[in-house]
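**Q** Here is how the chains run, residue by residue.
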Amino acid sequence: MGNQQKVPAHEAPVIEMHGVNKWFDEFHVLKDINVVVRQGERIVVCGPSGSGKSTLIRCINGLEEHEAGRIVVNGIELDPYSRHVDAIRGEVGMVFQQFNLFPHLTVLENCTLGPVRSRGMSKSDAEMLAMEYLERVRIPEQAKKYPGHLSGGQQQRVAIARSLCMKPRVMLFDEPTSALDPEMIKEVLDVMIDLANSGMTMVCVTHEMGFARTVADTMVFMDAGCIIESAPPADFFGKPRSDRTKLFLSQILTH
Amino acid sequence: MDERRPGPRRRRRGGPTALDFAVLTAVLSVIGYVGYRVNSVLVYQWDWSTIPGYFFRRDPKTNEWVANLLIKGLATTVRIAVWGMILSTVAGVLLAFARTSRRLLPRLVGWAYVGFIRNIPPVPFLFLFYFFISTQLMPILGIDRFLAHASPGTLSVMQVLFGDVALIPNFASGVICLSLMMAAYIAEIVRAGIESIPKGQYEAGYTIGLSRLQITWYIVLPQAVQRVVPPLTGQLITLIKDSSLVALISIQELSFLAMEIAISERRFFEVWIVTGLMYFVICYSLALLMRRLERRAAAHGR
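Chains as they are written, first to last, in my numbering: chain E, 1 to 255; chain F, 1 to 302.
Calculated directly from the structure, the hints in this document are not laboratory data.
It is possible that some hints are incorrect.
As the list claims (entries may be wrong) - Derived Cβ-Cβ restraints for the label pairs, each shown as a range: (1) E:N74 / F:R145: 50 to 60 Å; (2) F:R102 / E:A179: 23 to 33 Å; (3) F:A192 / E:K186: 33 to 43 Å; (4) E:S178 / F:L24: 46 to 56 Å; (5) E:A179 / F:L288: 32 to 42 Å.
All values derive from a computational prediction rather than experimental measurement.
In this text, a Cβ means the ideal position worked out from N, Cα and C, and glycines have one as well.
If we strip away everything but chain E, and leave its shape as in the complex, we get:
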């Protein structure tokens, strides 16, 4: 699709991570992470399991606390131990591997809960907004159903709509297709590609390399808590610099 380098360097950064470190007890899970995500940029993070990809994006919205370094989101600094995290919640949308829909609420109520309770929107406005996004993820007809009655792919699309209803500046995706049956992966990826084409700033942790090639401005490869390589997809897939990247790519692309 030739999306590479479409984001000019002068766009304002939405997320900045400088020298971020984090430990789980003795385990050094993030080591000196530096990432800048600019407005409209799409970043795909990949790497072997346990390399810290999920932890990295969970630090961006304060679901995990970082213990050293700076994270600035939307101009607000999350100091270590994340005291300003309330100010950026809702500005940073997140889609989880396990969907995490609220099973006791209908699809529509899942989508309106945030706008009504957190943004103070009226119920009817929130419902109109929710229907708009449910149409964008192509399941407006399921609005009155409960999540338990939907397929995995449909649930994940509802989760995307639920996040979008908060009108976030950035969307984080934490392995959004890893819990899905193969035939449902495409419907979710298609929605994500639409979203990327609409100019949303996105950080995606995923193993879907086809998606990455189509959508990413920058590929980030992580291993053992470090960012090993960060490059536009053409370079990343075409001429990876690091041996570890080459090994990873050969494993993930050949099977």
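For this one, chain E is given, so just place chain F on it according to the hints.
**A** For chain F alone, coordinates are given in the frame of chain E:
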């Protein structure tokens, strides 16, 4: 939970087997034997004639039918049960959140309360707390003063809600005692429900901008309660049955009045059989109601 769906899975609810008949025969013969002992060995003279008069009697002055002791007792028991359920559920939910709090102090308070209540029997608790509540707490609440200055309209509303106005302080003490006891058990049930909610539900709530309190109220509590309806039903039924304990502190509910009738009429079997049936009707109605709630929740799927 999907057991209600029509389909081939219901097939195995088979008819009675030989074992069922054997058990049924055994049960019937035990009942027959007990009846035989009562009739021929105890030489008990059954006399049900006085019982209906204790449900309703004819007022000699106005010549109208009015409720007598059994119905009055039933009304008091139902009032105790309703207020007890409300108070103990609210207190139990609050305690459950205290016990699952991230901060140490609420956790410690909840833990101490549940540990204390669950490990002493109800009778000592009732006597000790009744003394404390009726002599210390009631004057602080100022119920007596309030009632002395209340308008007739207020008093008639109070009568419907709490029974005989003169006995309200006594009634309130009983309800509070019972609720304090039951709250500890309900707290443990609700806590199990809260702890069964996956972490992802909290995280999803955070990412759509909800505060901790909003997550608790809109996401965690409804699901936690939905999950614990069956054990909660059992505990509420226990509450109704244990409300007969407050007879010990002279609250004139069903068991207390039944005891009086049984003694004055010397008709123990008849009175207690009738009383037992009355409790059964209340408890079983509650169980049916809760079963409906449960099915409604199950209809959401998952």
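**Q** Against each hint, give a clear statement of whether it holds in the structure.
**A** These are the hints, each one checked on the structure:
no. : hint                        : in the structure
1   : E:N74 / F:R145: 50 to 60 Å  : holds (57 Å)
2   : F:R102 / E:A179: 23 to 33 Å : holds (28 Å)
3   : F:A192 / E:K186: 33 to 43 Å : holds (40 Å)
4   : E:S178 / F:L24: 46 to 56 Å  : holds (55 Å)
5   : E:A179 / F:L288: 32 to 42 Å : holds (39 Å)
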